[in-house]
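S.K.: The chain contents come next:
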Amino acid sequence: MNRILLLLMLAIVLLFLVLLFLFLLLIFYRLRQVKRKKTIQNYIERYQEKWISYLVDDELSPEQLKPANAVEMEAVDELFFRLRYHFDSEELTKKINDYASEYMESYYLKQLTHRNPSIRINVLYKIYLYDLTFLHDAIIKQLEKKVHSKEEYLVLCKIVAKNFQTDFAPYYINPKIPLGEFDYKRLLVELDKSQIELLAEDFDDLPDLLKFTILDIVGANHYLDWLPLMHHCLDSPIQELRIRALKNIALLEVADAYSVYEKFASSTVWEERLMAAKIFAFSPQEQAEAVLNRLITDSSYAVRLQAAKSMKSLKNGQQALDSVITNSSDAFAVDLAEEMLGKE
Amino acid sequence: MNLPLITSSLFAFVGYILLFYMLAVIFVYTMMLIIAFIRLTKERKLQKNLTDEEAVDFIYTQPVTVIVPAYNEQVGVLGNIYSLLALEYPEFEILVVNDGSTDETEALVIKQFDMKPLKKVIHQQLDTKPIQAIYQSEIHPNLRLITKENGGKADALNAGINVSKYPYFCSVDGDSMLDRTSLLRVMKPIMESNKEVVATGGNVRIANGYDIQMGQMVREGLPISNIIKMQIVEYMRAFLMGRIALSRFNLVLIISGAFSVFTKKFVLEVGGYSTKTVGEDMELVVKLHKAIGDSDENKEIVFTADPICWTEAPDTLADLRTQRRRWHQGLAESLWLHKTMAFNPRYGLVGLVSYPYFLLLELLGPLIELVGYVYLIISLFMGEVYIMFAGLLGLTFLLYGSLFSMASVLLEAWSRNTFPKIEELISLVLLSLTEVFWYRPLTIIWRVEGIVRALRGKREWGQIKRRGLSEDSE
Chain A
1 MNRILLLLML AIVLLFLVLL FLFLLLIFYR LRQVKRKKTI QNYIERYQEK
51 WISYLVDDEL SPEQLKPANA VEMEAVDELF FRLRYHFDSE ELTKKINDYA
101 SEYMESYYLK QLTHRNPSIR INVLYKIYLY DLTFLHDAII KQLEKKVHSK
151 EEYLVLCKIV AKNFQTDFAP YYINPKIPLG EFDYKRLLVE LDKSQIELLA
201 EDFDDLPDLL KFTILDIVGA NHYLDWLPLM HHCLDSPIQE LRIRALKNIA
251 LLEVADAYSV YEKFASSTVW EERLMAAKIF AFSPQEQAEA VLNRLITDSS
301 YAVRLQAAKS MKSLKNGQQA LDSVITNSSD AFAVDLAEEM LGKE
Chain B
1 MNLPLITSSL FAFVGYILLF YMLAVIFVYT MMLIIAFIRL TKERKLQKNL
51 TDEEAVDFIY TQPVTVIVPA YNEQVGVLGN IYSLLALEYP EFEILVVNDG
101 STDETEALVI KQFDMKPLKK VIHQQLDTKP IQAIYQSEIH PNLRLITKEN
151 GGKADALNAG INVSKYPYFC SVDGDSMLDR TSLLRVMKPI MESNKEVVAT
201 GGNVRIANGY DIQMGQMVRE GLPISNIIKM QIVEYMRAFL MGRIALSRFN
251 LVLIISGAFS VFTKKFVLEV GGYSTKTVGE DMELVVKLHK AIGDSDENKE
301 IVFTADPICW TEAPDTLADL RTQRRRWHQG LAESLWLHKT MAFNPRYGLV
351 GLVSYPYFLL LELLGPLIEL VGYVYLIISL FMGEVYIMFA GLLGLTFLLY
401 GSLFSMASVL LEAWSRNTFP KIEELISLVL LSLTEVFWYR PLTIIWRVEG
451 IVRALRGKRE WGQIKRRGLS EDSE
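Sequence lines, in order, name chains A and B.
Quick note on numbering: our numbering labels position 219 of the first sequence as 219, and the sequence is numbered without any gaps.
Quick note on numbering: our numbering labels position 177 of the second sequence as 177, and the sequence is numbered without any gaps.
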């Protein structure tokens, strides 16, 4: 028994020694890291004026700024990041592209195929930010690979969509990795209108989550000419699609098809009633008031609140709310109307 | 058999039980350390600032209500509000709930942010003490102050939930401050999971001694006080080693009340924060896990190491005692309130692993350790036979109490590139090695006191003296 106890003791002492060794190793790495950071900072301070001459004033040739070693490349990359983070111009993008393709291609390619996924993701974000179009083939090659993390796949898709107007669609419609709504939003938010139209060519055949996202993007960007598609979605058997369509019609701030929306004010689904209440904020007074007067006494608190808000934004909203205060027998509706007339 | 022999056998038996317990604990913590190490290895080189920018877009963030329960927080509340106003997040409101403070909290907030009374219909979804008034800032329209009768932190949070207008709420303690990107980063798991994650907890760090102005961290640095430095080590261990590993398997039962985000719908379904315990944050998480288990839904509660909330740690032993006693009492009460989950396969790994872990290691651990310390001292007087045994037990305490802390400090330093500086790292490592000789025994005694208070049904929170983190509090 004493032997086992002794072995245990030895194990614990050994563990302590291992930790001590790790501690010393950490200090060594930290010192090296501090030195490296200082070198990068020194390079930036020393050469930043020359870089501005090249990138902004066009007074210097890139040969004069050729990086001498890996640390200098890292410093140049840091400089690109700082500049690109604050400034956006075609000229700057072109200059960075030209320089990077000439002297730093291997630097970015090495990171793009690095074993560590964090390093790959970092460089992808930079490629996206700097618009490094010369890496197109490498990006497509990465995209065609079988194994990706979701994050990596999303940034790769975004790069393709940003730099190549039409190549992106298949990766969005049939993603290699299951995507959620948040992921689709990340992908779609920076597409331009023609790209959204390209994506929605066969709208009914798209995955549901992609349909929802397209509707949200259309609403957020106020694409009024998409209203017929929104109306088309209102006939869908998919409840969520109807709700999204209603929500985004409200964002378009038009309510010209009274009869289409009116039936949703009597829906059994409270979210549909809520969205109908939102839409009626933009309807002609007489049509809207009747519906909103009903919805302000709805069984759902959210619907009542929205009805009161919509009533307030009508042309004669104050009058309508006064009328609720005077005539309604629903104390809660009266309170809401009073709240709307007070400070909101 | 004579009496000395029986006593000796019994003593040896207790010794082996203690040794077995300690070795089991060490095994569990080693596993946690390895899991945390693997996780941090994956993320260590990721430049988070590159991804933050993208996430700021309103179109994919969900609006959040930040609720700040404040009771006698006149020292820290302004710094707290300034830090919240500076949050980089597209759509959020701040509700400061003044829970019947007897100091100048209310007057200070009203004056500083030019607040005017607001008429507001309250959707009373949770029972709370009456709300007396709601104010809205003329300068920052998304900032509101709710004044209500004193009902405790849980009651204040429930009042905030009733007034909140967004589908998610974030609870932040009145004496804490958030980094600019904290809300964005703590919301990310919820958004990215496509609503599978119902709650997230952020990393809480101690800010005593840091240079903070207008709610923003200007310079990081270590405080002078060893009590606070020891707490810094403790927080590193708890957050980096404990919660990262538990979160990996959806086993988190504690996400700090100082900084956590919840989906309002689920919290309302379980009846909000409980006013029956002093550990309302943990109780809510356990309750949510129970509801998830009961409904067979595939939902998660996660801890994210990255979002940072800065908090003020007690700087005297008396205040530290009050805090630790309360935390442990809260733990005991939360586990007791949901005892049906213990070893219950209905709740999956939460019932079979997480609950037993919190019961046997976190709750009863201090009690067993205390027995261990007493045993160790007695062993030294029991003669040569027990010296070896006492030595081994002592080493397990050293490993558990100090070496794991040292490992956590190293893990933290390795995973972060800027802090701590080399001299601070050396200071923390050396201090962590002393933990087992002074800090650990003290906290063990206070935590045992917490168990006793839970058994006696005491309800007081106890007051901790605040000095304020931000310069503007002085």
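Be careful, since some hints might not be right.
Selected chain A positions facing chain B (in silico; Cβ < 8 Å) [claimed, not checked]:
1) Asn-2
2) Leu-14
3) Phe-16
4) Leu-17
5) Leu-19
6) Phe-23
7) Ile-52
8) Asn-116
9) Ile-119
10) Leu-224
11) Leu-227
12) Pro-228
13) His-232
Hint data in this document are derived by calculation from the structure and do not stem from the laboratory.
All C-beta atoms in this analysis are idealised placements derived from N, C-alpha and C, irrespective of residue type, glycine included.
S.K.: Given Phe-16/A as an interface hint, is its Cβ closer than 8 Å to any Cβ of chain B?
M.R.: At about 6 Å, which falls below the 8 Å cut-off, the nearest Cβ of chain B leaves the hint on Phe-16/A intact, so it holds.
S.K.: Take the shortest C-beta to C-beta distance between Ile-119/A and chain B; is it under 8 Å?
M.R.: Holds: closest Cβ of chain B sits about 5 Å from Ile-119/A, inside 8 Å.
S.K.: When the nearest CB of chain B is found for Asn-2/A, is that gap smaller than 8 Å?
M.R.: holds (6 Å)
S.K.: Under the criterion of a CB-CB separation shorter than 8 Å, is Asn-116/A in contact with chain B as hinted?
M.R.: Hint holds; Asn-116/A Cβ to chain B Cβ min 6 Å, cut 8 Å.
S.K.: Does Leu-224/A pass the interface hint, meaning its C-beta sits closer than 8 Å to a C-beta of chain B?
M.R.: This interface hint is violated because 18 Å lies over the 8 Å limit.
S.K.: Min Cβ distance, Phe-23/A to chain B: is it shorter than 8 Å?
M.R.: It holds, given that the least Cβ distance between Phe-23/A and chain B is near 6 Å, below 8 Å.
S.K.: Once the shortest beta carbon distance from His-232/A to chain B is found, is it less than 8 Å?
M.R.: Violated: closest Cβ of chain B sits about 22 Å from His-232/A, beyond 8 Å.
S.K.: Should the interface hint for Leu-17/A be scored as holding, given a Cβ-Cβ cut-off of 8 Å against chain B?
M.R.: This interface hint is violated because 11 Å lies over the 8 Å limit.
S.K.: Does the interface hint hold: is Leu-19/A within less than 8 Å of chain B, judged Cβ to Cβ?
M.R.: Hint on Leu-19/A: holds, closest Cβ of chain B at ~6 Å, below 8 Å.
S.K.: Leu-227/A was flagged as interface toward chain B. Is the shortest Cβ-Cβ separation under 8 Å?
M.R.: violated (20 Å)
S.K.: Verify the interface restraint on Leu-14/A: the C-beta must sit less than 8 Å from at least one C-beta of chain B.
M.R.: Not OK, violated: Leu-14/A not within 8 Å of chain B, min 11 Å.
S.K.: Close enough to count: is the Cβ of Ile-52/A nearer than 8 Å to one in chain B?
M.R.: violated (23 Å)
Comparing the model with each numbered hint stated earlier shows that hints 2, 4, 7, 10, 11, 12 and 13 do not hold.
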